[in-house]
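Start from the sequences and build out the full structure, keeping to the hints where you can.
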Amino acid sequence: MSETTTSKFSSGGRFPYKLKIEPRLNNPANWFSTLLSFLAVVLALLVGAGIIALAGGEPWRAYAHIARSSFGSVGVFSDTMVKAIPLMLTGLACTLAFRMRLWNIGAEGQFFVGAWGASLVVLAPILPAETPKWLFVLVMAVVGMTVGAIYGFVPGFLKAKFNVNEIISTLMLNYIAVEWNNYFIYARWSEGGFQMSKVFPKNAWLPRLADYAKAVPEFRGLTMHFGLVFAVVAAIVLWLILYKSQWGYEIRLLGDNPTAAEYAGIPIGRNIMLVMALSGALAGLAGMSEITGVVHRLQGAISPGYGFTAIIIAWLAKLNPFGVLLVSILFGALILAGREIQPSGVPTMIQGVIMVFLIASDFFMRYRIYFARRTEE
Amino acid sequence: MSLMIILQAGVATGTALLFATLGEILTERSGILNLGVEGMMLLGAMTAYSMSYRTGNAWIGILCGMLAAGAISQIHAFITITLQADQVVSGLSLNFLATGISLVLGEGLNSLSGVPLIPSFNIPLLYQIPFIGPVFFGGHSALVYIGYLMIPLAWYFINRTRAGLHLRAVGEYPAAVDAQGISVYKMRYFYVFIGGLLAGLGGAAISLAISPGWFAEKTTSGQGWIAVGLVIFAQWNPIRAAFGGYIFGALRRLVLDVQGPTMILGMINPFYYNPYYGFFLKMLPYAFTVIVLIIGSREANRKRVGSPAALGLPYIRGQRGL
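Those protein sequences? They're chains A and Y, same order as listed. Numbering of the first sequence is given in the numbering used here, commencing with residue 190 and proceeding in unit increments. Numbering of the second sequence is given in the numbering used here, commencing with residue 217 and proceeding in unit increments.
Treat the hints as calculated values from the structure; they're not laboratory data. Virtual Cβ for every residue (Gly too), placed ideally from N, Cα, C. Check the hints yourself; a few may be wrong.
Some chain Y residues close to chain A (C-beta under 8 Å, calculated; not the full set) [said to hold, decoys possible]:
1. Leu251
2. Leu299
3. Leu319
4. Met483
5. Ile484
6. Phe487
7. Thr505
8. Leu509
9. Arg514
This is the structure:
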């Protein structure tokens with residue numbers, strides 16, 4: 190479609206220039222898309238400030254507080270990274286699924302069952318408490334990912350075989366996963382009547398920076414854990430899969446043009462199931478790393494909505510695996526600092542406003558807007 | 217635990233789902249998928265509860281809840297209709313936004329007391345009918361009765377009126393509607409707004425009538441998503457939506473009631489003796505939604521009924537395709 194369409198917004202008055210909107214013929218440069226996203230976030234923060242003020246809060250103090258208590262020192266930055274690790278992994282999970290335009294909204298549930306699977310290794314128990322650390326971590330990661338993969342596979346299978354809408358099925362599975370975990374926390378693995386399992390043996394903890402404080406004194410008290418390595422490796426692997434492999438090409442083609450993909454003989458159903466399973470495995474790994482790296486036990490409140498924030502992260506990162514790593518740090522800061530901010534819904538709301546501005550800004554990626562001199566009339 | 221009480225409570229619980237589902241049916245019939253129902257319901261619930269307290273009149277509260285949800289739905293309308301963005305992503309963002317705003321503005325509402333609620337009453341005469349009377353016409357909130365009226369009205373509107381014909385056409389083949397000189401954009405904005413109003417009504421019905429109070433996200437606890445699922449099961453038909461809504465209401469209620477008695481159907485009630493099994497009961501409505509989706513999709517395949525053809529696609533005048 191190449192003809193110019195006149196905007197409905199044009200002034201129509203005597204002004205010698207008018208606003209013109211026309212579809213772009215080629216994709217704008219990368220810097221433009223980054224700039225747009227940045228502007229969307231800035232605008233979102235301004236609007237968020239307005240709503241906080243409306244609710245009787247002090248927006249600038251809230252924002253300053255977020256910045257200070259998440260990037261203010263090495264110690265708090267390490268805490269920010271701890272919050273960012275599960276976001277990175279769930280963000281990558283969403284990135285993979287969204288690239289194929291499969292709306293996996295179930296990262297939250299896959300995160301919970303992944304945590305459950307990792308706990309199973311310690312609490313069932315699959316391995317005795319004296320198992321060496323490397324084996325513990327390996328088995329927990331494998332079991333967590335497998336359980337997550339199964340949990341992602343189910344909606345994928347339903348989508349491929351029965352054409353069941355994956356948005357709703359993954360969402361429903363989120364609620365089911367939380368109740369499933371609750372059953373084990375309350376009934377099976379409850380310790381002393383509390384709604385949490387016993388603490389895992391030290392061998393089942395992911396290594397933290399603080400563990401090496403003897404060798405490197407600067408690491409004392411730093412909580413950042415080995416999950417970051419998982420996240421970085423996962424991002425590299427995902428990038429290789431998506432952009433350097435034939436399977437990745439199939440995924441991207443299915444996302445961009447399913448009809449063409451079908452004519453090219455790419456199996457849709459099998460790819461839906463595979464992508465959902467791998468996406469679930471990544472979210473499951475996030476649950477495993479959170480359980481073994483941070484809380485060291487299975488309990489109820491292990492996620493402040495990581496799986497939902499992941500949706501926004503994947504979108505803000507433009508489905509780029511390395512972008513996901515960076516954006517996750519920003520949202521990790523928001524979640525870390527947001528815990529102390531009143532009213533308590535502020536982080537959720539800011540995420541919502543960011544997402545709204547982000548999706549709205551997509552318009553400028555598809556259309557060119559400029560002022561043109563009036564010629565007719 | 218008597219069957220009658222469960223069914224009666226199910227009808228009440230199902231009313232919130234009914235409103236939200238009807239709203240989403242109207243929106244989707246116009247070709248716009250709005251996944252923000254859960255958030256809009258929450259916003260409606262929060263606004264209605266707080267405005268009912270402020271004004272001392274529950275009906276004004278309901279109206280404010282509806283208008284708040286209707287207003288926020290217009291963000292989705294603007295992004296998807298005018299800016300032609302992806303409807304799935306926009307709906308999800310609306311959901312985050314509305315949920316976040318509800319949590320921020322609803323802070324502290326849970327401690328309110330003496331909030332005026334919607335009155336409940338028996339319908340005279342109809343109440344006397346054995347079994348059906350008490351289940352459908354006994355002691356319900358006025359909103360439940362409004363719900364009954366809306367089912368045939370919505371069906372009649374969609375299938376038997378000129379405006380309903382336009383609505384169906386704009387969801388199936390907007391170019392034809394455009395050629396008739398009717399604005400596709402205006403119609404879509406309007407029906408997204410109606411969908412918002414009804415989602416808000418559903419939320420308001422929860423906080424001011426069905427299970428009164430403000431419990432943050434737990435107020436709606438996923439009912440908006442169930443409503444989106446029900447639309448598919450209902451095949452965009454209000455009568456089937458009512459059927460689904462009330463069954464789900466009864467199921468949600470059953471989950472709460474089944475743990476009470478020691479004996480069930482002459483057998484020992486395992487849910488009474490092991491209360492932890494309750495967690496599995498709580499999964500039921502969500503698991504059932506998935507099952508209903510499978511049934512709905514298979515049936516749609518067999519009967520060759522599908523979603524409105526233009527659902528999810530932006531309308532751009534002069535462009536080929538739908």
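Which of the listed hints are broken here?
4, 5 and 6
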